[in-house]
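Visitor: Below are the chains, spelled out letter by letter.
6 protein chains.
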Amino acid sequence: MRPADQLRDVQIETGYLQSNPASVLYRCGQTIVLCTASIEAKVPPWLEGKGKGWVTAEYNMLPGSTSPRKRRDRDGKVDGRTTEIQRLIGRSLRSVVDLKALGENMITVDCDVLQADGGTRTASITGGFIALAKAIEIAVPGYRFSDGAAGGPLTDSVAAISVGLIDGEVKLDLDYPLDVAADVDMNVVMTGKGRFVEIQGTGEEATFDDNELSELLRLAKQGIVDLTAQQHAALTD
Amino acid sequence: MRPADQLRDVQIETGYLQSNPASVLYRCGQTIVLCTASIEAKVPPWLEGKGKGWVTAEYNMLPGSTSPRKRRDRDGKVDGRTTEIQRLIGRSLRSVVDLKALGENMITVDCDVLQADGGTRTASITGGFIALAKAIEIAVPGYRFSDGAAGGPLTDSVAAISVGLIDGEVKLDLDYPLDVAADVDMNVVMTGKGRFVEIQGTGEEATFDDNELSELLRLAKQGIVDLTAQQHAALTD
Amino acid sequence: MRPADQLRDVQIETGYLQSNPASVLYRCGQTIVLCTASIEAKVPPWLEGKGKGWVTAEYNMLPGSTSPRKRRDRDGKVDGRTTEIQRLIGRSLRSVVDLKALGENMITVDCDVLQADGGTRTASITGGFIALAKAIEIAVPGYRFSDGAAGGPLTDSVAAISVGLIDGEVKLDLDYPLDVAADVDMNVVMTGKGRFVEIQGTGEEATFDDNELSELLRLAKQGIVDLTAQQHAALTD
Amino acid sequence: MRPADQLRDVQIETGYLQSNPASVLYRCGQTIVLCTASIEAKVPPWLEGKGKGWVTAEYNMLPGSTSPRKRRDRDGKVDGRTTEIQRLIGRSLRSVVDLKALGENMITVDCDVLQADGGTRTASITGGFIALAKAIEIAVPGYRFSDGAAGGPLTDSVAAISVGLIDGEVKLDLDYPLDVAADVDMNVVMTGKGRFVEIQGTGEEATFDDNELSELLRLAKQGIVDLTAQQHAALTD
Amino acid sequence: MRPADQLRDVQIETGYLQSNPASVLYRCGQTIVLCTASIEAKVPPWLEGKGKGWVTAEYNMLPGSTSPRKRRDRDGKVDGRTTEIQRLIGRSLRSVVDLKALGENMITVDCDVLQADGGTRTASITGGFIALAKAIEIAVPGYRFSDGAAGGPLTDSVAAISVGLIDGEVKLDLDYPLDVAADVDMNVVMTGKGRFVEIQGTGEEATFDDNELSELLRLAKQGIVDLTAQQHAALTD
Amino acid sequence: MRPADQLRDVQIETGYLQSNPASVLYRCGQTIVLCTASIEAKVPPWLEGKGKGWVTAEYNMLPGSTSPRKRRDRDGKVDGRTTEIQRLIGRSLRSVVDLKALGENMITVDCDVLQADGGTRTASITGGFIALAKAIEIAVPGYRFSDGAAGGPLTDSVAAISVGLIDGEVKLDLDYPLDVAADVDMNVVMTGKGRFVEIQGTGEEATFDDNELSELLRLAKQGIVDLTAQQHAALTD
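Going down the list, the sequences are from chains A, B, C, D, E and F.
Oh and the first sequence: position 98 is 98 in the UniProt record's numbering, straight run, nothing missing.
Oh and the second sequence: position 25 is 25 in the UniProt record's numbering, straight run, nothing missing.
Oh and the third sequence: position 149 is 149 in the UniProt record's numbering, straight run, nothing missing.
Oh and the fourth sequence: position 210 is 210 in the UniProt record's numbering, straight run, nothing missing.
Oh and the fifth sequence: position 178 is 178 in the UniProt record's numbering, straight run, nothing missing.
Oh and the sixth sequence: position 216 is 216 in the UniProt record's numbering, straight run, nothing missing.
Think of the hints as simulated: they come from the structure by calculation, not from any bench.
Please note that the accuracy of each hint is not assured.
Copies of the same chain look alike in the list, so a pair counts if it fits in one copy or across any two.
Unchecked claim - Simulated crosslink set (EDC-like; lysine to aspartate or glutamate; CA at most 20 Å straight-line):
no., residue 1, residue 2
1, Lys-52, Asp-183
2, Lys-52, Asp-209
3, Lys-100, Glu-205
4, Lys-221, Asp-210
5, Lys-100, Glu-48
6, Lys-221, Asp-209
7, Lys-50, Glu-104
8, Lys-52, Glu-204
9, Lys-193, Asp-183
10, Lys-50, Glu-215
11, Lys-52, Glu-205
12, Lys-193, Glu-204
13, Lys-70, Asp-167
Could you put together the complete structure from these sequences and hints?
Guide: Shown next as structure tokens:
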């Protein structure tokens, strides 16, 4: 059994699709997310003429990614959970992009979950960042992402992990069985330099106190340091 | 100018609609939310036959609540922000309800924003709790909410407030101009007994560190204590 | 019990929302409608370049306005009754507006029913006119609505009332119990100068003859005279 | 040129579709409406178990019925005009049906406009009644519609006509050019016995007085008498 | 009983609607389709500025065309069968149009089924071609369709027929009872000059071999020759 | 350059998702489709109580599967091409299933295109059959698919391939550049035993004659024989 403070095994396959080098197959235990970043030379209407770019994300679970099969979002009503998740991914990725340096371009990062075993939103952020960085490297000739690079569109890296409180004990990186068992579930998004981007802690039919909050955040930070190292390695290959 | 650690003026009018005593007109500065709680003797399909009730919330901004006028959500696509907010309100209210004690009943808390000047989601939680408590008092003969009441459907009270980081300074209870200026925006939901229900801290195009997080949470807790007292007063009248 | 030819008590609160002076809280017995008028410097596509403005209305009942709770129109299908009512409100308001004098501006009058006890469509017209007049007074510097004013965008006032036939007797201003009991239901819209704008008489599973029609119209005219006086008073304050 | 008080030429072809004898091709001048009535042995959910039937109508203009071509209502948003019209047709038809005598059956009368030249809603009511009567005659063995028949599902016939006010003159049965020219447009629905079912008088950007109202109603009644005779003839053949 | 290799009786009424000469009432046995062609001086966005026109089709079954009544496609979800059929009609008609010679104009051919007894899609193609040809004759002064005409927008005529395999025997022109009985159903679209435009052979829960395929195609060709003669006659009148 | 009568390289990875053994990653050149089959112990409403099962398919292209990025079908309007394709896949798979032997179970085969380079619909059929066979093997203890197996739910295998006519020459297995260049495009679905299930030949703005048809079918049959062998090998491993 995996220790409470240990991440699941992560595998990152960049350039997974021959047609788009900014594609990443991200595996975290049995969770598999295909992240692809696409650039278009336009921005949303409300941003036109402001000399800035935009980064957005879409998240989707394939019907076969869960058992029983998940119905497709085809009736015009994207469910609330999906909406929340893709907004979170978009905000997280934008937190490390200098939108002015991007120019009037829009990058859409698609995160399609092929297999879901918990942590799909944090996997989408962590894998999505790699696809985003690849897309920017391709779009900006000569630019290579590296921690601390000055003047480029990327100001930092970003990664995310979940932590939870189960029977009074804190646990890192919840897979599906742990997620179901958790009284409190927290997703933490941080940059490679160790600053918070987003904290979302939720006690569905439960609550938590200051000490538990401190423990959850400590564990999350430790996981982010590990994921950041793996992201950098994948982008350096 | 309002000090950084001071709430806006709150006014709570219970029984605002003659047709439904579980209706509350909640004002927080210039933000006005009409909260009404409606009980139905049924539960959602996935909860049938489990001997438990359910509490859900719907949130909506009236077109005239903002300037310029806000378009109605009538094309079948509730926007992502609305979806997130009403899910948050529902989770927050459920955190203080013993769903088993509720029996197979469903309470819908509608939060309609008549005038929006920032903090509409936290006002909806704080005002919505009062409507919810009133609805339960009406539904359960002889039951009166009071902090610590044993065995009733309500296990505690719940309230919410926003805090933010503006030019390096923390501020309590963001009105619209402060919300726009904030680099980091955090909504904190807590029970009357001082436990966290939900923390949602977001740095859109910004980040924050541990010290800033501590300051934000300290200020939020102080605001919640104040709001809790006002909720209890309104329910005691 | 209210006499057959007497209106319910009307209360008109102008400037109800601080953010928009063209907002009116209109109460007619237990029916409460919040009417707000918003101006935009544009017209619908089919009216562009014609040097005319437009006035339109949207009508909505809040979920808590009725018991049992009314479902929100969020699935993209505004129900037929709502559509009919908001078209009627828009036509009625336009009947007293000189659209050319309005210039290429569009005014949307939102009528949100906070509490429904019959007569919400006629209350929306009567209250909506006040919000409309306020919006025009704000938009046209120096202009003040007054009966007979020459050359301004408003050519007259407009108000509406319902009348009905119950067990062979005519009744003015139907509240919900009367509306349910009525064999014939008629909504009459008239200007302050006493001309008809709209007559909608409906005998759902019933019919009516010439004499009954005459009586219904006589009573409606009397009610409109009374409402017109109250509108003018509210606009003169 | 047609005199102001004369109907357009009416042609009624019953049993137009071999597959459904309750089908009527109704022509009124150049307006052509195909009316079909279909019976199902069920009622809407809200009427179940009450021992009553229901009659409803659907109205639609074919794309080729107007020039320029009319877009189909396929995006899930039936336009407001269509909704109003089909509600009017349904109410009008129900006014002459004894829903209890119908039993728990539902009749849907479809009115599809093949060619539109004004008066499509009144043609739909007048033609729709014939289809409805045919459907009932087929469903109730031995029953034949005749004015004054006792105890059957039909208590009377119903027909409709438009009248209008053009440059101060009243006109019967508006075709499209007259409809466009009319300051006031009124649709009147009456039974064969001469009672009003529905009066809808509208002055879009115009108003009317008592004398004009009397004249409009007088002309409408005269037209209804003529149409009623033609309906009876078609049903007697 | 109709021989296996004989078409149903075809009746073609051109100029069925006075308001649009490019309207055709096409009857094939008890199947009745109203085909109307409408020209607009514009093209779809993706074709703008290319100096070419476009031809598209819409297909619809009226509710009364079948027994039991067919529900209208009004909920925003055109069913898959309808979509397939109208795409097939559009492709078939375009196969005989020189889109460049059409200029930047768009022709929409509406095929509304008044009565359905099998073969509605092939009737729509065969009748739709006649409406299309009429519309082009009206739009291009002096142009008359004739087989082999050089330089005009029409390069050929097009017609369609169904064939099927029933208990091992091939049959031409399936009406509804034959269609239901068929193991294999094939729709064949051919030009007047005898070239294939489209072959759609489907064995729902059945399969077919080379010999059966040959027989089906032979019968279809024979039917097309007959239909082509009737189209030319209708266009020559 | 690939010879005109040679298939692209096919790779079949069964059990691609650990959570569902009936999952197949099917590659055909650069086209990649993830096919998963899910069984539910229910049937569509119209099939209830008939003692038969059902097989259906859903097809979807991921946004990153094409360049430029393909918009998601999330507005409630699945495009016509998608609808046609998934209906074709469903019919094709059902042609080799004994629905009675399946009992009242429903199998949904999801075909999600990860990378699109032409031939996605035929790849979905060929790969989808393997997922379907695996699902049945799992559901029916002891059952193994093998060509000619008696009494099981599978009566045969099924595969599909495209052929086309390019500048007068026939070509097997069109990748995207060939598909764009093709004057005539034909998809052929056949069983392992060599019988036709479906032939869809389309000349968009082109036509074809008997000889060309024969050549296209000859080439398709040859390709199907090859694919069938690879399917059987994958299912035998």
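Visitor: Against this structure, judge whether each hint is valid.
Guide: Going down the list of hints, with the structure as the test:
For the identical chains of this complex, Lys-52 and Asp-183 are inter-copy neighbours only, at 18 Å across copies versus 42 Å inside a copy, given an alpha-carbon limit of 20 Å. Taking the closest pair of Cα atoms, Lys-52 and Asp-209 never come within 20 Å of each other, the shortest separation being 41 Å inside a single copy and 27 Å across copies. Proximity of Lys-100 to Glu-205 under the C-alpha cut-off of 20 Å is restricted to the inter-copy arrangement: shortest distance 12 Å between copies versus 43 Å within a copy. Proximity of Lys-221 and Asp-210 under a CA criterion of 20 Å is satisfied in both settings, with 17 Å inside one chain copy and 11 Å between copies.
In the homo-oligomer, the alpha carbons of Lys-100 and Glu-48 lie at most 20 Å apart inside one protomer (12 Å), although the nearest pairing across protomers, at 33 Å, exceeds that limit. Proximity of Lys-221 to Asp-209 under the C-alpha cut-off of 20 Å is found in both arrangements, the shortest distances being 19 Å within a copy and 12 Å between copies. Taking the closest pair of Cα atoms, Lys-50 and Glu-104 come within 20 Å of each other only inside a single copy of the chain (8 Å); across copies the shortest separation is 28 Å, beyond that limit. In the homo-oligomer, the alpha carbons of Lys-52 and Glu-204 lie at most 20 Å apart only across protomers (15 Å), although the nearest pairing inside one protomer, at 39 Å, exceeds that limit.
In the homo-oligomer, the alpha carbons of Lys-193 and Asp-183 lie at most 20 Å apart only across protomers (18 Å), although the nearest pairing inside one protomer, at 30 Å, exceeds that limit. Taking the closest pair of Cα atoms, Lys-50 and Glu-215 never come within 20 Å of each other, the shortest separation being 43 Å inside a single copy and 35 Å across copies. For the identical chains of this complex, Lys-52 and Glu-205 are inter-copy neighbours only, at 13 Å across copies versus 42 Å inside a copy, given an alpha-carbon limit of 20 Å. Proximity of Lys-193 to Glu-204 under the C-alpha cut-off of 20 Å is restricted to the inter-copy arrangement: shortest distance 17 Å between copies versus 31 Å within a copy.
Proximity of Lys-70 to Asp-167 under the C-alpha cut-off of 20 Å is found in neither arrangement, the shortest distances being 29 Å within a copy and 41 Å between copies.
Hint check: violations occur at hints 2, 10, 13; the rest are consistent with the structure.
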